[in-house]
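Q: Sequence:
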Amino acid sequence: MKNIFKDYLDIFEKYPKDEYLTKEERKERYKLLQEYEKRNYQDEISIDEFQNFTSLYIDKIDISSQFIGKFLKVLKNNINNGGTFALKFLIGDKDENDYYLKFFKLLYDELGDRINLINKLLEKEPDYLPAIKQKYKILSNYVDFSIHEMPWGILLDKPISEKDAKIEALADLDNFSKLSKKLGKDNEKYIEECRIYYNAWFDFLDNKDKYKSYEEYLEKNNILRK
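Plus 5 on top of the position in the sequence shown (first one is 1) and you've got the numbering used here.
Honestly, I wouldn't trust all of these hints.
Said to hold, decoys possible - No more than 27 Å apart at the CA atoms, straight line, and that leaves these computed lysine-lysine pairs for DSS-like:
no. : residue 1 : residue 2
1   : 171       : 183
2   : 28        : 78
3   : 93        : 107
4   : 7         : 78
5   : 22        : 78
6   : 11        : 36
7   : 11        : 32
8   : 78        : 107
What the hints assert, rightly or not - Label pairs and their in silico Cβ distance ranges:
no. : residue 1 : residue 2 : range
9   : 191       : 121       : 25 to 31 Å
10  : 194       : 25        : 24 to 30 Å
11  : 77        : 228       : 46 to 52 Å
12  : 210       : 11        : 57 to 63 Å
13  : 77        : 208       : 41 to 47 Å
14  : 168       : 65        : 52 to 58 Å
15  : 201       : 78        : 43 to 49 Å
16  : 124       : 33        : 39 to 45 Å
17  : 30        : 74        : 19 to 25 Å
Derived from the structure by calculation, the hints contain no laboratory data. Just so you know, even glycine gets a beta-carbon here, dropped at the ideal spot from N, CA and C.
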């Protein structure tokens with residue numbers, strides 16, 4: 006076993022992750038993790054070696070920021086080379102092992118937005134359920150947020166031209182509809198309502214000089230939310 010793996014495993018063999026540790030023991034384990042993080046290893050690691058180690062010892066070790074930091078290059082190369090293991094490993098299949106969210110500050114600058122990683126994985130494996138569920142949750146939260154200020158306005162985080170923003174916003178609703186159907190969730194009525202308000206919002210922006218507010222636009226065009 007290469008030193009970069011052995012040294013990490015040794016920490017958790019000395020201070021097991023699922024056993025009771027005193028305050029002093031926890032402090033000592035954290036100190037060892039910090040030392041591990043600072044140590045320079047010359048080992049060349051392949052994604053297969055990383056996968057084998059994590060598969061064999063996942064019940065013995067914690068996946069920590071110190072550990073992830075040591076293998077960022079390996080994970081990034083796997084993603085850039087079209088692999089799926091790193092993507093599946095980082096987004097996980099449940100909240101407990103969603104390492105991207107857990108180590109967001111560490112991973113965002115290196116790997117970009119979580120939704121982009123999920124999209125890359127779904128391009129390779131369109132029916133991969135954990136990714137479908139995560140994308141559904143992201144889009145559901147986004148759509149809910151976008152209309153929560155109704156009837157005063159639509160909140161769309163689209164720092165691009167108005168035309169492109171409209172295309173993207175409506176595409177998000179289409180994607181949300183497809184994912185809902187894949188997961189057997191009946192959201193069509195809600196999605197159609199959102200589509201009406203999205204289109205109305207962009208029409209309002211094109212004719213802003215004719216109305217005091219979006220609420221007035223909705224009233225005068227008989228599409229005010231009940």
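Q: Given the hint that residue 78 pairs with residue 107, does the C-alpha gap stay at or below 27 Å?
A: holds, 18 Å
Q: Please verify whether residue 171 and residue 183 have alpha carbons no more than 27 Å apart.
A: This hinted pair holds, its Cα atoms lying about 19 Å apart.
Q: Taking the CB of residue 210 and the CB of residue 11, does the distance hold inside 57 to 63 Å?
A: 60 Å Cβ-Cβ, so the 57 to 63 Å window holds.
Q: Compare the distance between the alpha carbons of residue 11 and residue 36 with 27 Å, and conclude whether the hinted pair is satisfied.
A: It holds: about 17 Å lies between the C-alpha atoms, which stays within 27 Å.
Q: For the range 41 to 47 Å, tell me whether the beta carbons of residue 77 and residue 208 fit it or not.
A: holds, 46 Å
Q: Can the restraint linking residue 7 and residue 78 be considered satisfied, given a maximum Cα separation of 27 Å?
A: This hinted pair holds, its Cα atoms lying about 17 Å apart.
Q: Within 27 Å, alpha carbon to alpha carbon, are residue 93 and residue 107?
A: holds, 14 Å
Q: For the pair we were handed, residue 28 and residue 78, check the Cα-Cα distance against 27 Å.
A: violated, 33 Å
Q: Just tell me: holds or violated, for the beta carbon distance of residue 30 and residue 74 against 19 to 25 Å?
A: holds, 23 Å
Q: Range hint 52 to 58 Å: satisfied by the CB atoms of residue 168 and residue 65?
A: holds, 54 Å
Q: Do the Cβ positions of residue 124 and residue 33 conform to the proposed distance bound of 39 to 45 Å?
A: holds, 42 Å
Q: For residue 77 and residue 228, compare the CB-CB distance with the range 46 to 52 Å and indicate the outcome.
A: holds, 49 Å
Checked against the numbered hints above, the structure breaks hints 2, 10 and satisfies the rest.
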